[in-house]
Amino acid sequence: MELQDKVAVVTGASSGLGRAFAIALVHKGAQVYGLARRAERLNALQSELGSRFHPVVCDVTHANEVEAAFQRIVREAGRLDILINNAGLGKLGAVDQLSLEDWDVQMNTNLRGVFLCTRAAVPQMKKQNAETGFGGHIINIASVAGLVGNPNLSAYNATKFGVRGFSEAIMQELRHHGIKVTCVYPGSVATAFFEVSGMRGADHPVTPEQVAQTVLHVLETDDNYLISEVVIRPLRPR
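Remember, my numbering sits 54 above the position in the sequence shown when you count from 1.
Please note that the accuracy of each hint is not assured.
[Said to hold, decoys possible] Straight-line distance between alpha carbons at most 20 Å, and here's what the computed SDA-like set of lysine to any residue pairs gives:
no., residue 1, residue 2
1, Lys82, Leu270
2, Lys180, Phe220
3, Lys145, Phe215
4, Lys180, Asp277
5, Lys180, Lys145
6, Lys180, His231
7, Lys145, Asp156
8, Lys180, Phe169
9, Lys180, Ser282
10, Lys82, Asp277
11, Lys181, Phe215
12, Lys180, Glu227
13, Lys180, Asn278
14, Lys181, Ala122
15, Lys145, Arg218
[Said to hold, decoys possible] Just the calculated beta-carbon pair ranges, DEER-fashion:
no., residue 1, residue 2, range
16, Gly187, Glu283, 23 to 29 Å
17, Lys181, Leu280, 30 to 36 Å
18, His230, Pro205, 36 to 42 Å
19, Asp59, Lys181, 14 to 20 Å
20, Pro205, Arg92, 29 to 35 Å
If you are wondering where the hints come from, they were derived from the structure by calculation, not from laboratory data. Each residue gets a CB set at the ideal place from its N, CA and C atoms; glycine is no exception.
Let the hints inform the model, and build the full structure from the sequences given.
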């Protein structure tokens, strides 16, 4: 896909990987709608990136907010070419000590949010495929925690294994509508994720910018060429 003037939605765009994705896409000439809950961070990013970045305050766990956000995007931009489902969080805890609140917030953000945004984006992408022969590209940001279980990480593992299964299912479902689906499994990335979650990251993590460059590569592949999964790890984590 040629990214110039394409319309992209990035969830969790106010920080970390989402911020890096938004910056990389804008630098490629895309129009980027950044979804997040924190208006002040979105507005600061718009000040940095200019008119190609469009802040959208949205909690991806709330169906009505997601529907309103995507309706606005299609109304303003007239199309939707890229969806990067990035919003997510992790909470560390033994299975018999993890609170219901910590379980629910991970399920709702990491899994329900991916479903809600995908459900909102697909009708427009199917319409584009019917008109042009190519619908768009959905990228789901999972984690290596979606490939292997970890002690004291059961809820986060469950959500990321869920993203993996969801991605594989919709990849097979949507490829016939000209819509690509790629699931990305980053290992340790240098973001605030590990501070918030209480987990220990790698001593030498990859950077958000490196992950963003990989995502750009996946997006820029030819329309008839699908990379369905990508695993990203630090070469020397310790």
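Each hint tested on the structure:
Distance hint between Lys82 and Leu270 is fulfilled; the C-alpha atoms sit about 9 Å from each other, no more than 20 Å. Note on Lys180 and Phe220: the hinted pairing holds, with a Cα-Cα distance of about 18 Å set against a maximum of 20 Å. Between Lys145 and Phe215, the direct Cα distance comes to roughly 15 Å. Compliance with the 20 Å bound is thereby established for this hinted pair. With a C-alpha separation of about 15 Å, the suggested pair Lys180 and Asp277 falls inside the 20 Å cut-off, and the hint holds.
Of the supplied pair hints, the one linking Lys180 and Lys145 is violated, its CA atoms being roughly 36 Å apart against a limit of 20 Å. The straight-line distance between the Cα atoms of Lys180 and His231 is roughly 6 Å, inside the 20 Å bound, and the hint therefore holds. Taken as a hint, the Lys145 and Asp156 pair is honoured in the structure, with Cα atoms around 6 Å apart against an allowance of 20 Å. Between Lys180 and Phe169, the direct Cα distance comes to roughly 16 Å. Compliance with the 20 Å bound is thereby established for this hinted pair.
Distance check on the hinted pair: Lys180 and Ser282 sit about 19 Å apart at the alpha-carbon level, within 20 Å; holds. Our distance criterion of 20 Å between C-alpha atoms is met by Lys82 and Asp277, whose separation comes to about 17 Å. A threshold of 20 Å between alpha carbons decides the hint, and for Lys181 with Phe215 the separation of about 30 Å lies outside it, so the pair is violated. For the proposed pair Lys180 and Glu227, the alpha carbon gap of about 12 Å is at most 20 Å, so the pair holds.
The suggested pairing of Lys180 with Asn278 holds, with an alpha-carbon distance near 16 Å, which does not exceed 20 Å. Note on Lys181 and Ala122: the hinted pairing holds, with a Cα-Cα distance of about 19 Å set against a maximum of 20 Å. For the hint pairing Lys145 with Arg218, the CA-to-CA distance comes to about 19 Å; that is within 20 Å, so the pair holds. The hinted window of 23 to 29 Å between Gly187 and Glu283 holds, with their beta carbons roughly 24 Å apart.
Between Lys181 and Leu280 the beta carbon distance is about 20 Å. The supplied range of 30 to 36 Å is therefore violated. For the pair His230 and Pro205, the beta carbons lie near 40 Å from each other, so the given range of 36 to 42 Å is met. Separation of Asp59 from Lys181 is about 18 Å and conforms to the stated range, judged on CB atoms against 14 to 20 Å. Range check, Pro205 to Arg92: about 32 Å between beta-carbon atoms, so the 29 to 35 Å window is met.
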